[in-house]
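Please model the entire structure based on the sequences and the hints provided.
The listed protein sequences derive, respectively, from chains A, B, C, D, E and F.
Count the first sequence with the UniProt record's numbering and you get residues 1 to 256, in order.
Count the second sequence with the UniProt record's numbering and you get residues 1 to 256, in order.
Count the third sequence with the UniProt record's numbering and you get residues 1 to 256, in order.
Count the fourth sequence with the UniProt record's numbering and you get residues 1 to 256, in order.
Count the fifth sequence with the UniProt record's numbering and you get residues 1 to 256, in order.
Count the sixth sequence with the UniProt record's numbering and you get residues 1 to 256, in order.
It is worth saying that the hints were derived from the structure and are not from the lab.
Values in this document were obtained by computation on a predicted structure and should not be read as measured data.
There's no promise every hint is true.
Any copy will do: because identical chains look the same in the list, a pair fits if it lies in one copy or spans two.
Straight-line distance between alpha carbons at most 27 Å, and here's what the computed DSS-like set of lysine-lysine pairs gives [what the hints assert, rightly or not]: (1) Lys-244 x Lys-234; (2) Lys-244 x Lys-174; (3) Lys-186 x Lys-122; (4) Lys-121 x Lys-186; (5) Lys-121 x Lys-164; (6) Lys-241 x Lys-169.
Protein chains: 6
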Amino acid sequence: MSPTLSDQLQNLGLASMRPSGRQPDQLREIRITRNFTKHAEGSVLVEFGETKVICTASVARGVPRFLRGSGSGWVTAEYGMLPRSTNTRNDREAARGKQTGRTIEIQRLIGRSLRAALDLKKLGENTITIDCDVIQADGGTRTASITGACVALMDAIAFLKKDKHGALKGNPFKYMLGAISVGMYKGEAVLDLDYAEDSSAETDMNVIMTDQGGFIEVQGTAEGAPYTQDELNKMLALADKGIKEIIQLQKVALAS
Amino acid sequence: MSPTLSDQLQNLGLASMRPSGRQPDQLREIRITRNFTKHAEGSVLVEFGETKVICTASVARGVPRFLRGSGSGWVTAEYGMLPRSTNTRNDREAARGKQTGRTIEIQRLIGRSLRAALDLKKLGENTITIDCDVIQADGGTRTASITGACVALMDAIAFLKKDKHGALKGNPFKYMLGAISVGMYKGEAVLDLDYAEDSSAETDMNVIMTDQGGFIEVQGTAEGAPYTQDELNKMLALADKGIKEIIQLQKVALAS
Amino acid sequence: MSPTLSDQLQNLGLASMRPSGRQPDQLREIRITRNFTKHAEGSVLVEFGETKVICTASVARGVPRFLRGSGSGWVTAEYGMLPRSTNTRNDREAARGKQTGRTIEIQRLIGRSLRAALDLKKLGENTITIDCDVIQADGGTRTASITGACVALMDAIAFLKKDKHGALKGNPFKYMLGAISVGMYKGEAVLDLDYAEDSSAETDMNVIMTDQGGFIEVQGTAEGAPYTQDELNKMLALADKGIKEIIQLQKVALAS
Amino acid sequence: MSPTLSDQLQNLGLASMRPSGRQPDQLREIRITRNFTKHAEGSVLVEFGETKVICTASVARGVPRFLRGSGSGWVTAEYGMLPRSTNTRNDREAARGKQTGRTIEIQRLIGRSLRAALDLKKLGENTITIDCDVIQADGGTRTASITGACVALMDAIAFLKKDKHGALKGNPFKYMLGAISVGMYKGEAVLDLDYAEDSSAETDMNVIMTDQGGFIEVQGTAEGAPYTQDELNKMLALADKGIKEIIQLQKVALAS
Amino acid sequence: MSPTLSDQLQNLGLASMRPSGRQPDQLREIRITRNFTKHAEGSVLVEFGETKVICTASVARGVPRFLRGSGSGWVTAEYGMLPRSTNTRNDREAARGKQTGRTIEIQRLIGRSLRAALDLKKLGENTITIDCDVIQADGGTRTASITGACVALMDAIAFLKKDKHGALKGNPFKYMLGAISVGMYKGEAVLDLDYAEDSSAETDMNVIMTDQGGFIEVQGTAEGAPYTQDELNKMLALADKGIKEIIQLQKVALAS
Amino acid sequence: MSPTLSDQLQNLGLASMRPSGRQPDQLREIRITRNFTKHAEGSVLVEFGETKVICTASVARGVPRFLRGSGSGWVTAEYGMLPRSTNTRNDREAARGKQTGRTIEIQRLIGRSLRAALDLKKLGENTITIDCDVIQADGGTRTASITGACVALMDAIAFLKKDKHGALKGNPFKYMLGAISVGMYKGEAVLDLDYAEDSSAETDMNVIMTDQGGFIEVQGTAEGAPYTQDELNKMLALADKGIKEIIQLQKVALAS
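Shown next, in the form of structure tokens:
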């Protein structure tokens, strides 16, 4: 990458150490567009700066075998990247015949988090499948996916509420979820890493929280040096701030 | 589907027999947006009405084994649909571990057609991979894909031209390509079938032609009754008209 | 290939331009042998010159899930080549764990065409699986397959007719089908391309027609230069002539 | 199966206890047809009664990685059954994406046996692939395959001998191989079981021997009761007699 | 391998020709440890010298589809090796997505043998799955597996007997099974080959016998020279002696 | 599960609330056995109570393609469970042809953590593959795996140090790693969850730390209610205590 204006300013001691010029606690511009495609019960385009993910929620009657007759519903997630959503083209997973380990790890995280936000008993015997398809990637695709998926899921549940055969038993949502990445970058805790930061951060942490401030998932990995309890606390504080802002944006989108 | 205004007008003898109200020889609104995503050498969003496909062209040095040392380049295509691009959700091919027969048939058609438009010798030992990913489907995804892919491919070749290591030997494009579906619907030849027509047409035909009016591919399938030579000719005449309009739209997009 | 007698004669202006010495509108010798293997309800060895395909039709009670309870039957096709049916050995698809794109494309074409020839409602809830296995290939395997498969299918339906539990509701056959390849070879339209022609033809077209002269499928691909409407018409006229002869041969075989 | 003449005679104490009416030590009619298909270096149709297998031998320059530079050649085998070679249709392995355990077991046996018959050092760095494709099955396909494959392999090696670039170092054949099944059927040792016998035999044994009378492989499985040393000896004696006759037939075929 | 004491003694004419110093008819030390892991209905660690295999028997209600309603039970086996159970690491089959041919051949042998030892009718509609997992390999893993599996299976059936819902109809065991490898090594018949012998033996034979001395399976393969009837008899005599000792050890283990 | 003694005591207010009767900050008995199998460069049986995992480290010359020529080494991990290591039998992944998402997630975690503990540059162009195979599972298999793998890896590196061709450049170990699970169980933070706790914990957290007290990985998932910052801190404090004890046990094992 050629030096950006921010790099040059920073070298002069005039600006942020972040490639994007953002402050350490500053999110990228986040946009949430509902009803992005026409067929799905919930369809959201979520953008975290240059990261763009289409999140759809599809409702189907019935549940997997292990839940049949339980009266309980199910939520599951699948994740994919368009082959050229990234800087160099990745093999198409459908053509390779296999999802990568990274894909599997991410879709398990998305599904697990969303299920934790719901009372599946109240969903009735419905299955909602969340598809998160990255059309352009610039870091933070998994947290953008969860953020968008939560809105798509709320739209799908609103759809079910209106359906007299939908079999909902009250509002299944226990919490709204927001998700963000934080990390240690050049020795400083930063919020919402983009690709330029992510690829050289010492620590990369994904945090998912409820609108009531509880943790649903914390995943922090030392990419370079191990991190300390103090660094962990700084990152979690940034995540808390960022997720509060994100949940506010979700609420605005849902109100529109 | 509930009856549209056009259905009602038609029943009164006041309007088109097409669900969309279009004339038999009328294309849907076609939009071609270049530079749709930021990483690819060519990136086009193509819309045929409600059908929306992201077509990207990715350039890589080198060619498949069977061409190494030949001085010739290669173009290949892959096609996919987001699971909920359609009315009901389809299994994700990457999760099933297998592309469907339909997907394979379509991506072979796209690749074969584009290669026919090029002089691969002039491409040098470069491989261009075309990805056509359907984000919303309403009939005609394969012909929309080829139409968009042709523009993305031209952008990718323009990129190579500017690259002094690109090894192009002149302009590899022999022709521009446009593609459209035609069919027999309620006994009449119609142009550019949408899903409502496609799913009940007697004949479904995909036609790919050059800007000089030659045929690259004709694929006509009797879905209901066999078709006659006269019907074939009517469909081909519509295709010829539609493709001329499409190529004009491609040229406008490329000029902008 | 070393020059054949026909090549030498042709160079002298004394003979056909075709490697085989055939006239442009001349089929290869076509042989149709019924009851070729003993287990199948319909079993046909079809030979188009040196191209040899075993076509079997296997009857099973029941239909795929999407048809259960509909009263309608189903016909599906699978295609394969023995690894050394070709000039150089191809990988065995069963060992690779995957059918090639070409195989999938061909078996979809065979199945789709045969279904178009039947009134599936009259078949009752039976499934007929057509296997087309190429034991020696010399061009035109897909059209030979359809030609043989039609006869095997008729034998299988005759078997069902005699079976009092067969549940047939009248004769399901709406049409007989014949299939042939045509192409532009050295600037001339030719009928029934063998491998030597197929591998260097400018255009390769497969045509499937009914015994009443309607088109079931037309698939024409420009391998070299685009083809014109005039060339298309010439190729279709040859196909019409060839298919008439083929259907006559099928009738003779069925009468024996 | 309806009672055959032999069943009826046997019930009267007038005839063989075998469904086919054969004597316990009697082979089915065995036919070996060389040059059955035109592309392969060795191509044999082998028939053991109603069991029919196409065995081809394909020569390729080069050897698998683990032998490169060793000067030694390689022989490997693949086995398949046409889906309707059997009484009821089996799934096509290529479509299932997986060879069955039975197929894998058989092709390992064929390859191992043939390699044991050769001095691979004398083969030079060539690989010969044997394909055994069953077009009609009536018991004994694996032993028929080995019998036919041995002849096809000899033809392929004769082809290599004539090729001045073939790199043969003398005659690689140490032995000719014949193979036959024997078994205990209704308490009696019988030679060359057909399907009717095979499916209800107490013991099923496959024996592969050289033209010099040595054992290459003995595989005997108790399907019903365990077998005794005495029964084993009786079966081996029958196998010895049958294989001597088979090797004689191979020699006749090779001489023609 | 550096020369062992036995190699040196043998060179002096003072000792066994076997790498291990064993007599030709001498088994390795065999240990059978029941209840090796805590979850399975039968769990055995079997050791043949340095070869160590965990054999578990898992009971499940119900049978595969082809047996439903028959009143009969089923026994099946799976085999695996830990990747570094061998001298050099093998690919993990689960990661490759495919079991090797060798694995499939072995697990078919194990399952087939165990089924031959049982009256499946008496098992009721239960399925017992035998898992044989090699944690350390030094030759003879398949025969060690069958030896251990037989004990694990007996424990699982004892478990079923105590279960009042187990649906056993008497004792399903018709025989106990022991298994051992024998071979021709340096021209002499030897019992229970370890890896050093197995990898250079002329003949490798696996024998499975009942406690009543009947043969369940004999599989003898010429790895080098063909073997004679006399050699076969010598190997079978050794196998008979070894299996008698093994069955004695199984009985001791079961009594403890 | 029937009530254990500890359950009964606890109901009387006399004892631990943990099913095992352990104190909240008490590890299970941990045993580390080196040189467990004979072939691997490092082989460790690690036991956390009833959880038993074989961890082997296999050294191979060379590195994956993306590191060739870099002078840097590589460490990768694979994880598996014997099918009956668990309470009910799981499908064998090798037979299904696919590793589960859980397996993939765990082996990625193991590999990533171990790489973070090493200076791969100092490893030279060697690849060390860690296999963690669970032979008996009772909760905490992933943290037991990492704990055992660290010891096996140190043994493998000691092996490389003694090998004059090993190409090590100093000691690649930057840290030792210990790993443990912690969780919220019945409202209390507890250390080293066994299966009975794990399956009903509100929060499940895996922590990996260095011998210097830094974090390598923190993964905390709310299974029931979200967790608070205070709960997170309590769990991390327990993890810190447990890992210090584990690293002490590793050192004792390495010294023996």
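Structure-based check of each hint:
| no. | hint | verdict |
| --- | --- | --- |
| 1 | Lys-244 x Lys-234 | both (16 Å within a copy, 24 Å between copies) |
| 2 | Lys-244 x Lys-174 | within (17 Å within a copy, 38 Å between copies) |
| 3 | Lys-186 x Lys-122 | between (46 Å within a copy, 24 Å between copies) |
| 4 | Lys-121 x Lys-186 | between (46 Å within a copy, 22 Å between copies) |
| 5 | Lys-121 x Lys-164 | within (17 Å within a copy, 35 Å between copies) |
| 6 | Lys-241 x Lys-169 | neither (33 Å within a copy, 45 Å between copies) |
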